[in-house]
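Trainee: One-letter residues, chain by chain:
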Amino acid sequence: MTAGARMHELVRRLHPICRSMTGDGVRRTLEIIGESIPLEVHEVPTGTPVLDWTIPQEWNIRDAYVKDRTGRRVVDFAATPLHVVGYSVPVHATLPFAELREHLHTLPGQPDLIPYRAGYYSGTWGFCLSDNTLKELQEDEEFEVRIDATLADGHLTYAEHVVPGRQADEVLIVCHTCHPALANETLAGIAVAVELAQALAAIPGGPRLTYRFLFAPGTIGSITWLARNRDRLGLVKHGLVLACAGDPGPLRYKRSRRGDAAVDRAAAYALRELEHTLVDFTPYGYDERQFCSPGFNLPVGLLTRSPNEGYPEYHTSADDPELVTPDAMAGTLAAVREIVEVLEGDRVYLNLQPYGEPQLGKRGLYTSPSLNRDNKQHQMAILWILNYSDGDHSLLDIAQRSEIPFAAVVEAAQALTEAGLLIEQSPEGGERT
Amino acid sequence: MTAGARMHELVRRLHPICRSMTGDGVRRTLEIIGESIPLEVHEVPTGTPVLDWTIPQEWNIRDAYVKDRTGRRVVDFAATPLHVVGYSVPVHATLPFAELREHLHTLPGQPDLIPYRAGYYSGTWGFCLSDNTLKELQEDEEFEVRIDATLADGHLTYAEHVVPGRQADEVLIVCHTCHPALANETLAGIAVAVELAQALAAIPGGPRLTYRFLFAPGTIGSITWLARNRDRLGLVKHGLVLACAGDPGPLRYKRSRRGDAAVDRAAAYALRELEHTLVDFTPYGYDERQFCSPGFNLPVGLLTRSPNEGYPEYHTSADDPELVTPDAMAGTLAAVREIVEVLEGDRVYLNLQPYGEPQLGKRGLYTSPSLNRDNKQHQMAILWILNYSDGDHSLLDIAQRSEIPFAAVVEAAQALTEAGLLIEQSPEGGERT
Amino acid sequence: MTAGARMHELVRRLHPICRSMTGDGVRRTLEIIGESIPLEVHEVPTGTPVLDWTIPQEWNIRDAYVKDRTGRRVVDFAATPLHVVGYSVPVHATLPFAELREHLHTLPGQPDLIPYRAGYYSGTWGFCLSDNTLKELQEDEEFEVRIDATLADGHLTYAEHVVPGRQADEVLIVCHTCHPALANETLAGIAVAVELAQALAAIPGGPRLTYRFLFAPGTIGSITWLARNRDRLGLVKHGLVLACAGDPGPLRYKRSRRGDAAVDRAAAYALRELEHTLVDFTPYGYDERQFCSPGFNLPVGLLTRSPNEGYPEYHTSADDPELVTPDAMAGTLAAVREIVEVLEGDRVYLNLQPYGEPQLGKRGLYTSPSLNRDNKQHQMAILWILNYSDGDHSLLDIAQRSEIPFAAVVEAAQALTEAGLLIEQSPEGGERT
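Chains as they are written, first to last, in our numbering: chain A, 1 to 433; chain B, 1 to 433; chain C, 1 to 433.
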């Protein structure tokens, strides 16, 4: 089974679950993810203060419907969780159409589709339905509405999975888990993250960096994680939010607030030969806005295919497993893996013989280009690394400036290190010991 | 009466007066301006040292002519003050044509027009006339020439008008008053300044910044003002020289020597949707060259329509009230007012809840875009301001980066300030108390 | 005789000599150069450590050939020194063709041409010949090969010529001397350097800066010079490597590693109106790579016409005196002289009257542009210099920003200095005394 097929299978399995900011739908989602990669699940009680926020009550729903006078369910939660506005308060009443109408949401411009709506913190209730269905309702009738939900003290649930690296420095990969039945917007990113975690774990000897995967509800989930990890945020050297990861649109990377963080440069490099767009940070989108709030200002970018609000199926019932393709998710995964490859390999070295070129021949590093025109890229990589390993240029800088592929630059740096000509610069700017 | 009509009326009234670096023409000009806005008039005695210069003698002229042998005035000061070279020494003599010719200035390429010339500090005299008139003079005749002028100890005259603001920080608006009968080059800028001063005074509660209008002869006038205000130049936070302000050409802003001063950025923003040009500072033009001399380096730009030397009527008798239109002056005034609006509103704020996004809902600042798509620009402005109010970005920076109109950003900052989420940064970089 | 003709004559005279990294060919070359400009010749013994390198044994060759069974020399060193791989070890043997073949180098893509090859430090031997000649050899025959060379302790030879200036600050001009019979690649640069040295010596009163010409074998020669001059490298304020200086291609300047050194800016300015290319530093090319190694990071650029590897005759027998034209060398010389003119004239001055414009009239520096439109460029240059002589802008900066020719800016700075308004800034940033 290809990675693409596995990812699509996971999306299809997660799709029907009714997720929201809190509740059993989130827990069930994490259980299924946990079948592929072990998760540490965190439960944070209602009322806990987190930064400027407070953990809200937990919302759970069992059933919901609108029945016409014949008892037929004209809107039925069993068909799709999108039918109920998220965090609706419980209701059971019989209402004339005019009163009901104030609680109904449709998309007149896309009359076949059911919109996604949530009403966090609002104390209201509502149903979402297609505009076509709305038009079939008899305006002179009464309707029975029921939302069998509970909004009560409980917990907010999120989970972490860590792939340990040889260094404590962390790469944070973030997926939101709070949206029901949105295959591309929510689930494709989760599927890519699961595959990435498995690929990292399979690296012989493990990756250099430590990879922390966070599956949490949007906004409040990341805020909760930030509040609970405030003392160790210094370890987060790079980060990537994954969303809208499976539609056929071209890849799009939104830079971190820093704009030139290593992950921003790695992403630009990884995408350079693919159809893609690069955009500057904006404080609207997914949870990069929390990680990139000015007090934290962490180097966290956002990778999507079509951006939020950037495709017609966004936040509708048409964002279903048909919209998401195995190939598109495989493409997203490949791009993330190339970003990871750059983050793994990119380092700043110091040339230990910086006065003139060192004599490469006596160290077995030189093949005269006039006698042997092979291996020229390797020779050139050696010269570039020696000249620019002055503490100000990383291997990615050198790859970009020399136009030599990054992997070849990493390989040449390895050869120079083994020959004793190069040493990794420590984070403090001296030689790494 | 529209502002355009009022400005054109003022230009027409000021046009016939014989102005020069000093003298009663300047005083009469200031009297007329003083009918609209009260002026503090300064008289600085001849011989006073000002920076590297000395206040020159005062020049006044009563009459001047060239008469042919029939006694006809072939050149007559009464027709236009342009006929006499500024600061000509007195003369009364009868001269053969050949000798007279050395004192006559024409524009052979524009044979209908009389040029403007001045001979400050040169101790010479001369007449300006059209080349067509010159050709009619009989080369074998003698001519009586008379310049009934005095060059004697007196004063240099300039004036100030202040619109006080809630803060002592000043915006300096500068117009030169030293050129006779040049409607666009000299007078249109004066007319725009007068209207601006009246508009600022009409702001309820007054403007935030203090506006100082300076009406002074070019070069020596600004040098005099700088010499006499040297101790308080630190208050000059922004400045604008107005000249060539009424012809139909597109607007043109010349940046201050700093290049990225707040006034430079405000002008670029204010002009962005108009036909206009932006140019870098050059040390030639109007009195911005004095304010932007390297020792002072004040943030003073130059706003014109067609630049000096950039229109065919420049420094000729064709720069008359017909060249200047009410609409063009109204356009200049509107641009200056928009620059002022940005200077008034642009400030640096600090987000007081910079860790994650603050919870807007509990402060009444949030309307879910998924339930209410109105008011989206306001919501976005709030997010942008919160994210970028880190002490490094002003509201104008945020407006430009977010592409949200400046006025909407100012309004959102107001809402956030009232909600206790934002505080103005003090000039020293901390919170403004 | 024109400079172009003189340079071409020198190239033709030097062309037949068998040069290599060391040996009598280099000494003979320096003798001939010394006929035009006096040289200080340095001999550094084999085994001397220089930076990371060691001076190698000296190589000298008297004769070399490949004879067929009839005794005919099918490859003959006497025809061109290119026939022998540089630094070949001595050999005298009779070999079957198959064994000989491993020691033969040709250019199958350019079958008429003999390639240039060297095998420094490799302990091998070889012959270079045209592919056409190779094809005429009988594959079933034996051949007598002889290389009558010695590889023995001796010296590495390089030479310096200094044109003393009024200041000790140095401009380093570098030519490599190690390649046999390559007219454009090696010799044209030498010829340009010789003419330049003579032109500098002819400046009345001498140049401002001191010019040091270095004629040395590539790589090891510059490394030797760097090792022996390490304590005085602080004097090297500018440098230029000259190579490939005589073919008809357009000029090409490769920036120093610093990228914005004075020589980089001078070269860009000097070439601005010629067909040319400007490229960033790369750590491959000529000896700029040693001077620009990160430990030294000297401001040394490379001026060529067609770059190394950038023309079809490069490193072949077709790089002969026919490829090099007097006009092309004259063009290179003119460009170098203009670079030198900028380096000579470019300085940072301080305006001693920076508050407002100084009164130029009382110092005889002002001619009213409204009375005299001549001399306007000079007036403008004065204003630009006064405004930008704040310690941050050199005369070249001012020339570029004002678009006034550099020579006119230098002339105006001279006038301002004589008037006491300007003083040269000392290297420490204060006034130069």
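No lab work stands behind these hints: they were computed from the structure. A couple of the hints might just be wrong.
Covered, in the sense of this in silico footprint (three residues per stretch, anywhere, with C-beta under 8 Å from a C-beta of chain C), are these stretches of chain B [unchecked claim]: (1) 231 to 243; (2) 409 to 420.
Just a sample of chain B residues kept apart from chain C, beta carbon distances all over 10 Å, derived [unchecked claim]: (3) Ala3; (4) Glu9; (5) Arg13; (6) Ile17; (7) Asp24; (8) Asn60; (9) Leu137; (10) Gly205; (11) Pro248; (12) Asp260; (13) Thr282; (14) Glu313; (15) Leu365; (16) His378.
Note that the structure is predicted; figures quoted are calculated from it, not measured. Idealized CB from N, CA, C, for every residue including glycine.
Trainee: Does each hint hold? Answer for all of them.
Mentor: Hint-by-hint comparison with the structure:
no.: 1; hint: 231 to 243; verdict: violated (count 0)
no.: 2; hint: 409 to 420; verdict: violated (count 0)
no.: 3; hint: Ala3; verdict: 33 Å, holds
no.: 4; hint: Glu9; verdict: 30 Å, holds
no.: 5; hint: Arg13; verdict: 26 Å, holds
no.: 6; hint: Ile17; verdict: 20 Å, holds
no.: 7; hint: Asp24; verdict: 23 Å, holds
no.: 8; hint: Asn60; verdict: 21 Å, holds
no.: 9; hint: Leu137; verdict: 21 Å, holds
no.: 10; hint: Gly205; verdict: 36 Å, holds
no.: 11; hint: Pro248; verdict: 25 Å, holds
no.: 12; hint: Asp260; verdict: 15 Å, holds
no.: 13; hint: Thr282; verdict: 8 Å, violated
no.: 14; hint: Glu313; verdict: 15 Å, holds
no.: 15; hint: Leu365; verdict: 46 Å, holds
no.: 16; hint: His378; verdict: 44 Å, holds
Violation of the numbered hints given earlier is confined to hints 1, 2 and 13; the remaining hints are satisfied by the structure.
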